[in-house]
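Please put together the full structure from these sequences, using the hints given.
Keeping their order, the protein sequence lines are chains E and F. Residues in the first sequence are numbered consecutively from 1, following our numbering. Residues in the second sequence are numbered consecutively from 1001, following our numbering.
FYI, nobody ran anything at the bench for these hints, they're computed from the structure. For every residue, glycine included, the Cβ atom is placed at its ideal position computed from N, Cα and C. Misleading hints may appear alongside valid ones.
Here are the computed distance ranges between Cβ atoms for each label pair [to be verified]: (1) Gln1020/F - Asn109/E: 34 to 42 Å; (2) Leu1032/F - Lys210/E: 32 to 40 Å; (3) Glu1056/F - Asn109/E: 33 to 41 Å; (4) Pro1055/F - Trp106/E: 33 to 41 Å.
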Amino acid sequence: MNITEISQVWLPLTAAALVTASFSLGVSMLTLLSGHLRGIEQSAARVQKLSAGYIFGFFLALLSSVVGSIYVLSILDFAHSGEFWSILSGVAVGVGLAVMLFYYRWDKNGTKLWLPRRMAEYLYARTKATRHSFEAFLLGVGAVFAELIFIATPIIIAANLALALQRGQQIAAILVYVLIALMPLLILQIFNAKGRRISSFIKWRENNKKFLQIVAGALLIILGFYLFIYKAM
Amino acid sequence: MTQILNKKTTVNYDKERLGQAVQKAARSNCILAGDAENLAQRVVAKIDRWLTDKPEVTARELRLQTAAAMGDYDLEAAYLYENEKRLF
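As structure tokens, then:
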């Protein structure tokens, strides 16, 4: 791994993963799922099992999205062209601005997301009705696809960056991306395993939502400009 | 009997249902079963007193009042009860 590879692949890939990690529908759903299961008197082991099923579903959906994107991009001749990187950079800046403006609703209280209210109500009811590991797994898969409008851009950027690497490094890049993106869920899982009060986690998110929103949006905008300079020009 | 007004429906106030919801929120926040039950009883008693002269209240009013009553005993559980529906 040389300095060019670090600056032109690994650094933007890590930034894309951090942006993905900052999107919080997955975290909200896991928070509700684990809290609700404890509320209906499920044992700690069962809560852990269902939460693990949810995280595994999230992991697999994210992994499939990245691998699928790499496959599609590998077929396209123009994946490494300056024009394609220009389009990706532009989209990243646009999505970054959208994140800054719309990701969280403008309510002072709570962490209400951009989701249409009908969809949010459905996800709320679906999460609360989850009783089996397989349902939790599907919920994890659904959390990735429900937020695709925002996470598609960092996924495609990461896939296109990984495409330039050799096979072994490509696998490492995919794993680095997915594991960084999964970090908030893993932290929440540890938080739950230790029996910590879930309200303190929700409170922390509510108090820092504007900061997280601005950082995620700004990071995506900076990433867009960075890729434009190093890849498109 | 006090009526609880929702967006589309109106239902009778059900103290048992409220008690269960309070207990569930408390259990969600890692409060022990006995403590959660105790908390629910005290909160329901407070809400009963608050409702005595009210023929109807909105579901939102009831929720906020319940959270406030919970807050007298456990601020963290009250926060969870109030904000659970604002997660996403």
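key: Those earlier numbered hints the structure runs against, lowest number first   = 1 and 3
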